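Starting from the given sequences, assemble the full structure and let the hints guide the process.
Read off the chains here:
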Amino acid sequence: MVAQQKVEIEVVDEEGYRILRPSGDLDVYTVGSLRDAIGRMIDEETPKVVVDLDGVPFMDSSGLGALMGGVRRLREAGGDLAVACTREQHLKLFAITGFGEGVSIAPTVEEAAAGFRS
Amino acid sequence: MRLSLRSKIAGGFGAMLLLIVLLGWVTLSLFFSLRSVQRRVLNEALPGLVAVNEIVRSYTAQAGAVRGSLIGSQQTLLERYEFEVATAEFWQERARELFTSGTEREHLDQLIDAGDQFHALVEERIVPLATQGNRSQAFLVLDQQGTRLISDIEIQGELLRTAQEQALAQVEGLVRSRARQALIIVSLVLGGALLLGAALAYLLPRRLSRNLDRLVEATRAIERGEFEPDVQIRSGDEIEELGDRFVGMGRGLKRLQQLALQDRELEIASSIQRNLLRRSIPTTPGVEVVPLQRQANLVGGDWYDVDVAAAQVTVVVGDASGKGIAAALMATVALSFLRAERGLGSPAPRIIERTNEALLDATDPDSFTTVIYATFDVSTGEVRWLNMGHPSPFLLRAADAENGAEGYYLEGSRNRALGWFDDPGLAETIVRLQPGDRVFFFTDGFLEAKSPEGEVFGENRFADALLRHAPVGMDDIGERLVGEVERFAAGKLDDDLTMLAVEYQGAPASVDAGDERPSASGRQRERRDTQTGE
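If you read the sequences in order, they're chains A and B.
Under my numbering, the residue at position 83 of the first sequence is numbered 83, and the numbers go up by one with no gaps.
Under my numbering, the residue at position 336 of the second sequence is numbered 336, and the numbers go up by one with no gaps.
No wet-lab data here; the hints were simulated from the structure.
Computed from a predicted structure; not experimentally measured.
Certain hints may be false.
Stated by the list, open to error - Output of the computed footprint for chain A on chain B, the stretches with three or more beta carbons under 8 Å from beta carbons of chain A:
1) 362–370
2) 413–419
Stated by the list, open to error - Going by beta-carbon spacing under 10 Å, a handful of chain B positions derived as facing chain A:
3) Asp319
4) Ala320
5) Gly324
6) Gly389
7) His390
8) Pro391
9) Pro424
10) Gly425
11) Glu448
12) Pro452
13) Val456
14) Glu459
15) Asn460
16) Ala463
17) Lys492
18) Asp495
From the three backbone atoms N, C-alpha and C, an ideal C-beta is built for every residue, glycine too.
Written out as structure tokens, the structure is:
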């Protein structure tokens, strides 16, 4: 059984989208917090979210799965999910799994938000 | 308010003690009251009566003595009179001390006044008349005036006696009323004490035993496996606390039972997964496959498959996202679809495509699995694979005595993980192997293993380790790698480690051995699985 732990997620309002800034490892134990935070955005008028991975030193397949699930759910709700990330390890994970294809991934939040699917 | 059982019992006995003290106080007050009555009767009323009687008697005796002396002119009678006068004075003095107030004093004063007049009559009229020899005149004065004064004295004496008797009657009434009061108070106190005692003796043990019965019933319910017993005890004491603890204990036991059930389910899931993976690895001359798996938990998301058909060896390694049961289910679904599709004889791209479609339908949006699907052609040494979001395989070149070990990652074409996109991409990579070449397929557990400092093992360390252990035989090289990773992570592996080492040994003399049965040598290699962690 997986014991749920929490990762702190800062939510910042920007014009037309929101930034989610998790701080801490995103793994099978903590990913529930990110999934819930994304889930809450689905009911927004414009469910567009940039997940800033600057404060995430480690992310496993569960974290990646939550991001991908977020992309699919937000797109179904008429929105999108983009990722701001400069960490090489995460970028490699995106490249290996193919997550980066079709999802806006950029070094800064602004650049990532510029890549939202209209 | 919460009262402890101890304070309840102490309170009960305290109340009893209070009642006993009250009883004692009433008895003592009655005793002192009777003592005061006794004092009044013995020290005041009775001596008063005696004094009045003595005074009246004394005056009667004085009158008698005067009369006698007038008749006989006897000196002794006059002496008798004087003695009685002294006696009367003594008792009058005593009476003055006893009767100090009210009507009694008035009667006494009038009595003494009459006495004084009698003395004056005797000494100033009668005695001079008698001395002058005028006895008949003295008799007349005594009969007319003396008798009236003695009668007054008797009347006042009677009035004093009556007053004294009334006072005594009052005292008697007071005693009676005090006794009645005391009787009522004693009866009430005794009755109260009896009632309280009876209530304590009946109610406390009854309530206690009823609540204990409830606790016993709760233990029976828990024994029957009903972990939420209805323990309704509102006694406000330790028994209620015990009841609440019972309910808490029941909940704890229920949680434990659920955990035990989950463990059991996990065991079942683990057994299913083991059975699915634990198939003897088919071998064929020309290619040797050695699988190795180390699971971090009872069940995990890593999976693999090996198949031999028509001189082709298929090697599949997958890694489902997440951990635990969810990952294991995803892995099981992926492996099952893949085998089913392969059973239909479909080519590799079609197998991957169909498996992706099935996973898109069957799993939630957060789940995915990476796969590498490789097919070795035994006769040509050609290996082609589809990499679906998986770490690139590593090629260890055949040992070269001159240049030492040589190896590198086979990057090739990349596609996307399964279960995410309708079109994950199906680009294949083809590489031709030389006899002695070894290809290692592995999961990201090797690369993402973390040191206590948070550093990941990574591709470079992994490549270095493989090159260093290149001289080690196929049977042991995987174990060496696992050992290095475990040491790096200080024994704490969060993720499964899976590795399939494949060695191309060159085209066999006769390639017609490409049937599905084990080769002529009949070699069957058992999967070498171990489990770390729990």
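| field | Hint check: 10 Å Cβ-Cβ cutoff, Asp495 of chain B to chain A | value | Since the shortest Cβ distance to chain A is 7 Å, the answer is holds.
| query | Is the shortest C-beta separation between Pro424 of chain B and chain A less than 10 Å? | reply | Constraint on Pro424 of chain B satisfied, holds at 7 Å.
| Given coverage of the region 413–419 of chain B by chain A, checked by CB-CB distance under 8 Å (3 or more) | holds (count 4)
| query | Taking 10 Å as the limit, does the beta-carbon of Asp319 of chain B come near enough to a beta-carbon in chain A? | reply | Since the shortest Cβ distance to chain A is 7 Å, the answer is holds.
| task | Using Cβ atoms only, decide whether Asn460 of chain B comes closer than 10 Å to chain A, and label the hint accordingly. | result | At 12 Å from the nearest chain A Cβ, Asn460 of chain B fails the 10 Å test, so the hint is violated.
| At a Cβ distance under 8 Å, does chain A reach at least three residues of the region 362–370 of chain B? | Per the Cβ count (6), the hint holds.
| query | Can we keep the Ala463 of chain B interface hint, with Cβ of chain A closer than 10 Å? | reply | 14 Å, violated
| task | Hold the hint about His390 of chain B up to the distance rule: shortest CB distance to chain A must be less than 10 Å. | result | Given a least distance of 7 Å, the restraint on His390 of chain B holds.
| If you take the shortest Cβ to Cβ gap from Gly389 of chain B to chain A, is it below 10 Å? | Interface hint status for Gly389 of chain B: holds (4 Å vs cutoff 10 Å).
| Hint check, Lys492 of chain B versus chain A [nearest Cβ-Cβ separation less than 10 Å] | 13 Å, violated
| message | Less than 10 Å between beta-carbons is the criterion; does Ala320 of chain B satisfy it with respect to chain A? | response | 8 Å, holds
| Hinted contact Pro391 of chain B with chain A - closest CB pair below 10 Å | Pro391 of chain B check passes; min Cβ-Cβ to chain A is 6 Å, inside 10 Å.
Hints 12, 15, 16 and 17, counting from the list given before, are not met by this structure.
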